[in-house]
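Going line by line, the protein sequences match chains A and B.
Just so you know, the first sequence maps onto residues 1 to 341 in the working numbering.
Just so you know, the second sequence maps onto residues 1 to 341 in the working numbering.
It should be emphasised that the hints constitute simulated quantities derived from the structure, not laboratory data.
Note that the structure is predicted; figures quoted are calculated from it, not measured.
Do not take every clue at face value.
Copies of the same chain look alike in the list, so a pair counts if it fits in one copy or across any two.
[Stated by the list, open to error] Calculated cross-link-like contacts (lysine-lysine; reagent style DSS-like; alpha-carbon spacing at most 27 Å):
(1) K314 / K226
(2) K241 / K132
(3) K322 / K226
(4) K162 / K248
(5) K226 / K132
Protein chains: 2
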Amino acid sequence: MKSALKKCRPVAGRSALPLAIFLMVIALGDVVVGQTGPLPSWNDGPSKQAIVKFVEAVTTQGGPQFVAPAERIAVFDNDGTLWSEQPMYFQGLFAFDRVKALAPKHPEWKTRQPFKGILEKDMKAVAAAGEKGLLEVVAATHAGMTTDEFAQAVKDWVGKAKHPRFQRGYTELVFQPMLELLAYLRANGFKTYIVSGGGIEFMRVFAEEVYGIPPEQVVGSVGETKLEMRAGKPVLVKLPKINLVDDKAGKPVGINRFIGRRPILAFGNSDGDHQMLQWTAAGDGARFMGIVRHTDGEREWAYDRQSSIGRLDKALDEATQKGWTIVDMKQEWKVIYPFQK
Amino acid sequence: MKSALKKCRPVAGRSALPLAIFLMVIALGDVVVGQTGPLPSWNDGPSKQAIVKFVEAVTTQGGPQFVAPAERIAVFDNDGTLWSEQPMYFQGLFAFDRVKALAPKHPEWKTRQPFKGILEKDMKAVAAAGEKGLLEVVAATHAGMTTDEFAQAVKDWVGKAKHPRFQRGYTELVFQPMLELLAYLRANGFKTYIVSGGGIEFMRVFAEEVYGIPPEQVVGSVGETKLEMRAGKPVLVKLPKINLVDDKAGKPVGINRFIGRRPILAFGNSDGDHQMLQWTAAGDGARFMGIVRHTDGEREWAYDRQSSIGRLDKALDEATQKGWTIVDMKQEWKVIYPFQK
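Work out the full structure, taking the sequences as your base and the hints as a guide.
This is the structure we're talking about:
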C-alpha cells in the first residue's frame with residue numbers, strides 16, 4: 001500500500017469532492033493506525049520498543065543504519081518461539097501417533113523401546129531412549145513414504161489431533177504476538193524465514209497457512225530422499241538417514257546453505273538457537289537478537305535452565321550480558337494464543 | 001509498474017493537458033512494446049511461441065490453466081543453459097586456477113594426478129582422473145577456507161579471469177536470450193531459480209548481479225561446512241565432504257529440499273537435467289519443459305550425444321517423443337552473448 005501511494009501523486013479532480021474524500025481516507029487511516037499500531041498484542045514494554053526502534057532504523061532511507069530490502073532477512077526458530085513445545089515437541093507427538101497407527105503391522109514394537117513405551121504411554125521409558133531412540137522412531141515411522149504421502153499424513157494429523165492440555169489443534173497453539181511480529185516485519189520489507197530443528201517437510205505443510213511463510217522460506221532438519229519411479233511416475237522416497245540436523249551449530253550451517261545471506265534479525269527461545277543468534281550478531285551493521293522467554297506457567301508454561309525440552313541457559317547468559325532482547329511472555333504479551341484474543 | 005498503474009485510476013486534471021500527456025505515454029509505450037516485445041533476442045520461431053503461449057496461459061486469470069503466482073516456480077540449469085560450459089565447466093577452470101595459485105605450498109602436486117596434469121596443462125591426464133579426480137581437486141582447493149574467504153576468491157577470479165577462446169570474463173559468456181527469458185518470467189510473477197550441478201556457493205557470488213537471481217534462489221551442489229570460532233567470531237569452514245550432488249537424480253532431491261514446491265517450468269541442456277525435466281513434467285496442470293540445444297559451432301559450440309561435457313542424449317529422445325521445447329540456438333537466437341547485441 002505504502003509504495004503504491006508513493007508512486008501515485010493525487011491529482012486534483014474537477015470538483016473538490018474526490019480530494020476531500022481522499023483526505024478523509026488518509027485521516028481515517030491515521031486514526032486507525034494510531035489506535036492499534038503495530039504489534040497490538042504486545043504491551044508497550046522494552047521488547048516492543050526495541051523491535052519498533054530496530055525496524056525504523058533499518059528502514060529509514062538515508063539513515064545510518066538503513067538496510068536494503070534484499071538484505072532484510074529475519075529468521076525464527078519454530079518450537080517454543082512461534083508455537084508452544086510442551087509437554088514435548090509437537091512433531092514428536094505426531095511421530096507417536098504414527099507409531100500407534102502403524103503398531104498392528106509391527107508386533108515387535110510391543111517389546112522394543114522406545115516403541116513399547118510410546119504404546120504403553122510410559123514416558124519415562126521413552127525419555128530413557130534419548131535422542132537416539134527418538135530418531136529411531138522418526139526413521140521407522142517416516143521412512144519408505146513418498147514425500148507426498150508424508151505431507152498428506154501431516155496434513156491429516158494437523159487437521160484432527162488435539163493438544164492434551166488445551167484440547168485444541170496444534171496449529172492453534174501459535175503465539176499471537178509472534179504472528180503480529182512476522183506480519184509487521186514483512187510489511188517493512190523483511191523476508192521471514194523459519195530456521196528450526198524440526199523437520200523441514202513437517203513444517204512446510206502448515207507454515208504458509210499458519211505463519212504466512214511459504215515452503216521455500218522454511219529451513220529445518222532434513223532427511224535424505226531418493227528418486228524412484230513408482231507406477232511410471234517419479235517420486236521422492238524418504239530414507240531413514242539424516243542429511244542435516246538444523247539445531248545448535250547446525251543452524252548457521254542451515255542458514256548459509258538454504259538462504260546464503262546472514263540474517264539481520266533472529267528470534268529463538270533456547271540454547272538450540274544460541275549459535276543462530278551468535279551468527280546473526282556477528283554480522284556488520286544493525287542487528288536484532290531476540291529470545292522468547294517462557295515465564296507464564298498459567299497461560300502457557302514456565303521453564304528455562306532446567307528444562308529437558310527448550311532448555312534456555314547459555315543463550316540466556318549471553319543475551320543478558322550482550323543486551324539482546326529478552327521477551328518476558330508473562331509481562332509483555334497481552335495474549336498468548338490467537339483464540340484468546 | 002503494472003500493478004501500480006492498476007491501483008491508481010487516472011483522474012482527469014483541470015485542463016486536458018495532463019490527460020493528453022498520459023495518453024501519449026500509454027500510446028508510446030504500446031509502440032515500444034510492439035517494436036521490441038518480450039524476448040527481443042529470440043527469433044519468432046517455435047520456441048519463442050511456445051514460451052509466450054505457456055506464460056499467457058498460466059497468467060490468464062480465470063483461464064483453465066491459470067496458476068497462482070506463488071506456484072509459478074521456474075528452474076534453470078546453469079552450465080550450458082544460462083552460460084557456456086566449454087571447453088569445460090567454468091567452475092572447473094576456477095579450481096584449476098586455484099591449484100596453480102596454491103601449488104607452491106603443495107610440492108607433492110608435481111607428481112600426483114590430476115594436480116600434475118593441471119599444472120602441466122596436460123588435459124588428457126586430467127580427464128583420465130575422471131570425476132573422482134575432479135572432486136579431489138575441488139576438495140583440496142576449497143576445503144579449509146571459510147565461506148567468506150571462498151566467496152572472496154570466487155569474486156576475485158570472476159573479476160579478472162578470461163575465457164581462453166573469447167578472452168572475456170566468464171560472466172560475459174551468459175546467454176542473452178536466457179537473460180531475457182528470466183526477466184520475462186519474473187515480469188509475469190514467476191520466481192526464477194537456478195538448479196545446477198555447480199557449487200551453490202560458487203554461483204551465489206555472481207547470480208544476483210548477472211542473472212537477477214538472489215542467493216536464496218540458487219540451488220546447487222553442496223559441500224559440508226562446520227561452525228568454528230576464529231578470532232572470537234563464528235565462521236563456517238568448508239570441509240572436503242559432499243552433502244548433495246545436485247545433478248541427475250539429485251536435482252529433484254535438491255528442488256524438493258530447497259524449494260519445497262514442484263516447478264511448472266524447467267530449462268536444461270543435458271542428460272544431467274533429465275530427471276529435473278521429468279520431475280517438472282510429472283506435476284498436474286500446465287507445464288513447460290525446455291532444452292537449450294547447442295547447435296551453433298560458430299558463435300558458441302555444437303555438441304550433443306557424444307560430448308563428455310554437457311552430453312544430451314536420453315533427455316533429447318524424451319523431449320522429442322513428448323514434444324518438449326527444444327531450442328535450436330543457431331536457428332532461434334539472434335545473438336548468443338550480451339556483448340554481441
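Right, here's what the structure says about each hint:
1. Proximity of K314 and K226 under a CA criterion of 27 Å is satisfied inter-copy only: 20 Å between copies versus 38 Å inside one chain copy.
2. Proximity of K241 to K132 under the C-alpha cut-off of 27 Å is found in both arrangements, the shortest distances being 12 Å within a copy and 24 Å between copies.
3. Only between protomers do K322 and K226 lie at most 27 Å apart by alpha-carbon distance; the minimum there is 25 Å, versus 44 Å within a single protomer.
4. Within a single copy, K162 and K248 get their C-alpha atoms no closer than 29 Å, and across copies no closer than 42 Å, so neither meets the 27 Å cut-off.
5. Taking the shortest alpha-carbon separations for K226 and K132, both the intra-copy value of 23 Å and the inter-copy value of 22 Å come in at or below 27 Å.
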